[in-house]
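Protein sequences, first through last, are from chains A and B. When we follow our numbering, the leftmost residue of the first sequence carries the number 7, and every step to the right adds one. When we follow our numbering, the leftmost residue of the second sequence carries the number 7, and every step to the right adds one.
A portion of the hints provided could be inaccurate.
What follows is a list of derived Cβ distance ranges for each label pair [to be verified]:
no.: 1; chain 1: B; residue 1: E143; chain 2: A; residue 2: G25; range: 24 to 34 Å
no.: 2; chain 1: B; residue 1: N149; chain 2: A; residue 2: Y177; range: 30 to 40 Å
no.: 3; chain 1: A; residue 1: L193; chain 2: B; residue 2: K29; range: 44 to 54 Å
no.: 4; chain 1: B; residue 1: D189; chain 2: A; residue 2: Y177; range: 45 to 55 Å
If the Cβ cut is set under 8 Å, some of the chain A residues that face chain B in the computed set are [what the hints assert, rightly or not]:
no.: 5; residue: E64
no.: 6; residue: S94
no.: 7; residue: R168
no.: 8; residue: V172
No wet-lab data here; the hints were simulated from the structure. Virtual Cβ for every residue (Gly too), placed ideally from N, Cα, C.
Protein chains: 2
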Amino acid sequence: MRLAAPLEKLVDEFAKLPGIGPKTAQRLALHIMRVSQQEAAGLANAIIQAKNQVMHCETCGYLTDKDPCAICSDPERDDSLLCLVEESQDVIAIDRTGYRGKYFVLNNNFQLLNGLDLRKIDFPRIFDILDKRQVKEIIIATNPTIDGEVVARYVAETTRPRGIKVSKLAYGLPVGGDIEYIDEITLRRSLDGRNEI
Amino acid sequence: MRLAAPLEKLVDEFAKLPGIGPKTAQRLALHIMRVSQQEAAGLANAIIQAKNQVMHCETCGYLTDKDPCAICSDPERDDSLLCLVEESQDVIAIDRTGYRGKYFVLNNNFQLLNGLDLRKIDFPRIFDILDKRQVKEIIIATNPTIDGEVVARYVAETTRPRGIKVSKLAYGLPVGGDIEYIDEITLRRSLDGRNEI
Chain A
7 MRLAAPLEKL
17 VDEFAKLPGI
27 GPKTAQRLAL
37 HIMRVSQQEA
47 AGLANAIIQA
57 KNQVMHCETC
67 GYLTDKDPCA
77 ICSDPERDDS
87 LLCLVEESQD
97 VIAIDRTGYR
107 GKYFVLNNNF
117 QLLNGLDLRK
127 IDFPRIFDIL
137 DKRQVKEIII
147 ATNPTIDGEV
157 VARYVAETTR
167 PRGIKVSKLA
177 YGLPVGGDIE
187 YIDEITLRRS
197 LDGRNEI
Chain B
7 MRLAAPLEKL
17 VDEFAKLPGI
27 GPKTAQRLAL
37 HIMRVSQQEA
47 AGLANAIIQA
57 KNQVMHCETC
67 GYLTDKDPCA
77 ICSDPERDDS
87 LLCLVEESQD
97 VIAIDRTGYR
107 GKYFVLNNNF
117 QLLNGLDLRK
127 IDFPRIFDIL
137 DKRQVKEIII
147 ATNPTIDGEV
157 VARYVAETTR
167 PRGIKVSKLA
177 YGLPVGGDIE
187 YIDEITLRRS
197 LDGRNEI
């Protein structure tokens, strides 16, 4: 015995989502059976609406429902700072720290295993922003992974000749961490990057 | 900075699903942004279709897209056995064991904390099945929880006067388990229910 065909189909669709295994997918599908028609339609419509209305900002690549995005068109933000991140969600995280410069979202799925293709980085667009906004500093905020590191170095080498300061997020101890349990590479980096107090 | 409004809405909708926290909801929503229009529509449509086409079988309560369901209308199945379960997914699990009788799905969200309302059990429908199919044995397969146990006893007391054999799934050691780590109540039950070999 299997579940009714439309229900199996729904389980299969849920199971395509990242981190959702077959058991969870079944639980989600059966949950949909229990909620009201209206609530189920709410989720379905949200998927369609988000897919139809959200796009990448033509300037910075951030996910937005209007172009240019709220960040690019914000006159309060410092045009002279450009922070390069991998994904739109990184913008949210960095903005939460109080950073109020602008961003460029690389939007490439950098993966060494899939053949890290650095040619996919849209330098003409980055250079265009550097010129138009008279950017003084590029802050590279790619993930602290090997892929992120490779991308960071490549971007740094490519943009440095333009006479702009290029910086990168500091490696070091995570606040609230315990030195005893911090991996040796991170600890080495925090030693190398030690600051006078 | 927040995500674009339609994207935030999608995050909120995902976060309503059971077991999906805000971080996972955001990951799922951003995944939808990455997949093709067609793939996103696939999930949205599956939700709508399942909600529109799947209902509870009028006879046994199983989730089905045709009434009576494939189980109730299966002439190969043993009409004299009726297995009572809490939810449709329990049918799948029990069928996997090779059981080929019929089912009755209680479909009540039995929860002691929410006031376990035994009056919600549809005995007229159960009795109707018992009569029409000349059921010889009712196998109560409610969950091995306090709620499931209360429901099981109540159903047993209510149906026994009709002269039908009433049985319940055995408690005992889970196959592959380790006696050292099995809770004492389960172990006590498996002692009480010991079988001669």
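How the hints compare with the structure:
no. : hint                        : result
1   : B:E143 - A:G25: 24 to 34 Å  : violated (43 Å)
2   : B:N149 - A:Y177: 30 to 40 Å : violated (50 Å)
3   : A:L193 - B:K29: 44 to 54 Å  : violated (27 Å)
4   : B:D189 - A:Y177: 45 to 55 Å : holds (46 Å)
5   : E64                         : violated (14 Å)
6   : S94                         : holds (7 Å)
7   : R168                        : violated (27 Å)
8   : V172                        : violated (23 Å)
The structure fails hints 1, 2, 3, 5, 7, 8 (numbered hints given earlier, in ascending order).
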